[in-house]
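Could you put the whole structure together from the sequences, leaning on the hints where they help?
Next come the chains, spelled out residue by residue.
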Amino acid sequence: MSVLEMKGISKSFGPVRVLQNVNLRLESGEVLALLGENGAGKSTLMKILTGVYKMDEGEILIDGQPVKIDGVQHSREMGIEIIHQELSLFGNLSIAENFLIGHEEKYKRALGFIDYKQLHEDARSALHRVRLNKATDVLIKELGVGEQQLVEIARALQSQVRFLVMDEPTAALTEVETERLFELIQDLKAHGVGVVYISHRMEELFKVADTVEILRDGNEVGTRTIAEAQERELISLMVGREMENRYPRVETTPGDVLLQVKDMSTHRVKGVNLEVRRGEIVGLGGLMGAGRTEVARGIAGVDRVTGGEVRFKDGLCHFRNPQDAIQSGMVLVTEDRKGEGLVLPFTTRENLALPTLDARKLLGLVNRKQERSFAADVIRQLRIKVSSPEQTVGSLSGGNQQKVVLGKWLAHNPDLFILDEPTRGVDVGAKQEIYQLMNDLVAQGKGILMISSDLPELLGMCDRIYVMYQGTTQGEVANDTLNQEDFMTLATGGTL
Amino acid sequence: MRDVIRKYHLGPLIGLVILFLVLSVLSGQFLTFGNLRNVALQTSVNMLLAVGMTFVILTAGIDLSVGSTVAVSSAIGAGLMVAHVNIWLSALIALIIGAAAGLLNGVFVAYVGLAPFIVTLGTMTLYRGITEIYTQGTPIFNLPSAFATLGTGQVAGVPIPVILTLVIVVVAWLVLHRSVTGRRIYAVGGNEEVAHLAGVPVKRYLLLVYVISGLLAALAGLVLTSRLGTAEPTAGTGYELDAITAVVLGGTSLFGGEGTLVGTVIGAAILGVIDNGLNIMNVNSFWQDAVKGAIILVAIMLDRKKPASR
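Residue numbers (this note's numbering), protein chains in the order written: chain A, 7 to 502; chain B, -11 to 298.
Treat the hints as calculated values from the structure; they're not laboratory data.
Some clues are possibly wrong.
DSBU-like cross-link-like pairs, simulated, lysine-lysine; straight-line CA separation at most 35 angstroms [said to hold, decoys possible]:
hint, chain 1, residue 1, chain 2, residue 2
1, A, K319, A, K53
2, A, K195, A, K276
3, A, K319, B, K280
4, A, K13, A, K391
5, A, K195, A, K268
6, A, K319, A, K213
7, A, K123, A, K140
8, B, K191, A, K375
9, B, K191, A, K147
10, A, K53, A, K195
11, A, K13, A, K140
12, A, K213, A, K123
13, A, K367, A, K391
14, A, K276, A, K391
15, A, K147, A, K114
16, A, K268, B, K191
17, B, K191, A, K276
18, A, K367, B, K280
19, A, K60, A, K344
20, B, K280, A, K344
21, A, K147, A, K13
Which bits of chain B does chain A cover? Going by a derived footprint, with three or more residues having C-beta under 8 angstroms, they are [unchecked claim]:
hint, region
22, 159 to 169
23, 175 to 183
24, 186 to 192
One side of the interface only, derived from the structure: several residues of chain B facing chain A at Cβ under 10 angstroms [unchecked claim]:
hint, residue
25, S241
26, G244
27, E246
28, K280
29, A282
Predicted model only: the values in this text are computed from it and were never measured.
The C-beta atom is built at its ideal place from N, Cα and C for all residues, glycine as well.
Here you go:
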């Protein structure tokens, strides 16, 4: 039985105070959820705990004894481990070799040789513990995101971990994998591990957490036991104002059919059938790897359509590349913001202007005056938090980056938006604004096809949901009968 | 302060100014109109190559074949002139050959999908080989005297190659920093996938930058040949490295998407000033490369983006 306490922690980066007199208390076998919007200071607090940052003021105690955490290695020696939000595995190395990095001393033998036998043995038993059935010489890049997450947890467990920090561990997981993670957390609790759990998904907290601590703008604004916690109250503490409704869906009357996909196949999916009408938000759900993103890529001309038909507006169309699709009024807003949505060295203005450069050009030159006023408009309209339009997008928070990705298409005025995970890694306040924007778009008679792994979000925002299973549309859940059970039946290959 | 230096690429500029000051103090000859004109003239060939190289490097590519392109285009151009083909037509053909050499690079990079380093390493040898076959290993001289004007002529005391280079720099600056084409080149270099999904015809822009690089290499070749009065089969050997050095000195990222043309101009100027300075100070020629290398390393270190440690 041990207790971890952080008392009166303060931290500034330059003139910006990111943490102010924050306390935290975690016991063995307890799951403490840390809740807050992006930029509330959760990650900074955890980085102080794990020795990445040094605190300006405050103290850390383990079992009542003050400890001075001096670097990542030192925090690890004290039994504190963290699983970062961004996976921190080496894709080019095997599972076992990933276990080696950071623990080289343990496996070093005479002349600097590595004791591979011991390493693989340890890795195997760690994988067993997280119930991942993979050979230890498999390369990380050959694993799915969910499996990688499990490897990361297994890696954290290899040392004598007493306190484990999980920073948004479910952001990339499917429902099934999430359930598996929760079982694992229960198992850790039973073995006396104290867990700090960071997540934006409210439902999860009520499933796994014992206690919830809420941070806002670097201040601790409340701590509740899960029994006394109310979702409404937690959200209002987090955002500092009352939130009426998490999913502000408005009823619209669907218009003409905008997109019709019949038996479409690409090299990754087959037999895909779906339809989007004007004024509709249509969901595309399913487990990770079911082919949701691939459907979007097929429709939008990124992947080649090999069979079936895609009708957009009136015409039959198989776009050969994204340009064709964009020109005819369909845009794909991709899931991977950093990889496919933003040019990171570019400023916010340059990113916003990228798809519509042609519309503003004058004799081949960029009309910079118009571009600046356009960027300022979008920033105002979407309430993107930037110091100026010239701020590089790499330094924006997740929610603001997502708004830039959405905003760059608004000027193009397309009829159909395909949004792939539009709110992943985005905090509650920004999510609301994105939902609001979606509502505005359908109110203007546009259609939206939204891919999401967040089931409550799909159920909350969509008129209809198509569910994918193993590369094909398994079925459709309609508005009035939207429920979780039907969804999961379809997503796991059943029929209604 | 650091941000201001980075934003306006003051790092290389400060380096250039310091070099100027040091050389002015060390040698009375340095800061004279005649000498500066000389520096500008001697820098013009590398400047032209570096401008082309900037386009390529901004897309996260590299063009190792520019030195060989200088040779092959000018050898064939000179060969035609010696065979009494009209000099303008010969020069035009030389430029077309340069563009074609770039086109071949671009096709392999953009459409076949090979790594730029490998492609241009191959064509570097290929183009040099073609030059050797064409010239049979002997220099081509007795070029028409009218052609010498390009490399040795002056307008109001300013050498024609310098004027030509300035014009190219201005046009390239407009393209890179003011035109839609330029913005798209940056986008392709910053994130090819994002550019593709945003509707930018990525392959066409990749092709374009290699054509620009080849074309400017041919232009540089004409200037060089005209100045020397002879087309050597070994002309331009190693020039690709000087061009890359100028671009990198100017703060352009080898990973693409970041950098400026002004930076490249300053980078090329720094190289030219170093060469000139070492010469007028009579530094032992065996020492010159070592000193130049050391100055380059220091300059790049001063301009690096992030401190190595947190």
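A quick look at each hint next to the structure:
1. K319/A <-> K53/A: This hinted pair is violated, its Cα atoms lying about 51 angstroms apart.
2. K195/A <-> K276/A: 43 angstroms, violated
3. K319/A <-> K280/B: Status violated; Cα separation ~64 angstroms.
4. K13/A <-> K391/A: Holds, because 31 angstroms separates the two Cα atoms, which is no more than 35 angstroms.
5. K195/A <-> K268/A: Given that 35 angstroms is the threshold and the Cα spacing comes to 49 angstroms, the pair is violated.
6. K319/A <-> K213/A: 44 angstroms, violated
7. K123/A <-> K140/A: 17 angstroms, holds
8. K191/B <-> K375/A: Holds - the C-alpha atoms of K375/A and K191/B are around 29 angstroms apart, at most 35 angstroms.
9. K191/B <-> K147/A: This hinted pair holds, its Cα atoms lying about 27 angstroms apart.
10. K53/A <-> K195/A: Measuring from Cα to Cα gives roughly 22 angstroms; hence the hint holds.
11. K13/A <-> K140/A: 42 angstroms, violated
12. K213/A <-> K123/A: 39 angstroms, violated
13. K367/A <-> K391/A: Holds, because 27 angstroms separates the two Cα atoms, which is no more than 35 angstroms.
14. K276/A <-> K391/A: Status violated; Cα separation ~41 angstroms.
15. K147/A <-> K114/A: 25 angstroms, holds
16. K268/A <-> K191/B: 31 angstroms, holds
17. K191/B <-> K276/A: Distance ~29 angstroms between K191/B and K276/A Cα, so the pair holds.
18. K367/A <-> K280/B: Not OK: K367/A and K280/B at ~43 angstroms, beyond 35 angstroms, violated.
19. K60/A <-> K344/A: Given pair K60/A, K344/A holds - Cα atoms ~28 angstroms apart, limit 35 angstroms.
20. K280/B <-> K344/A: 39 angstroms, violated
21. K147/A <-> K13/A: Measuring from Cα to Cα gives roughly 40 angstroms; hence the hint is violated.
22. 159 to 169: Held - the region 159 to 169 of chain B has 5 residues with a Cβ nearer than 8 angstroms to chain A, which meets the minimum of three.
23. 175 to 183: holds (count 6)
24. 186 to 192: Coverage by chain A holds here, the residue count being 4 at a Cβ distance below 8 angstroms.
25. S241: This interface hint holds because 8 angstroms falls under the 10 angstroms limit.
26. G244: 9 angstroms, holds
27. E246: 5 angstroms, holds
28. K280: 30 angstroms, violated
29. A282: 30 angstroms, violated
The structure does not agree with the numbered hints 1, 2, 3, 5, 6, 11, 12, 14, 18, 20, 21, 28 and 29 stated previously, though it agrees with the rest.
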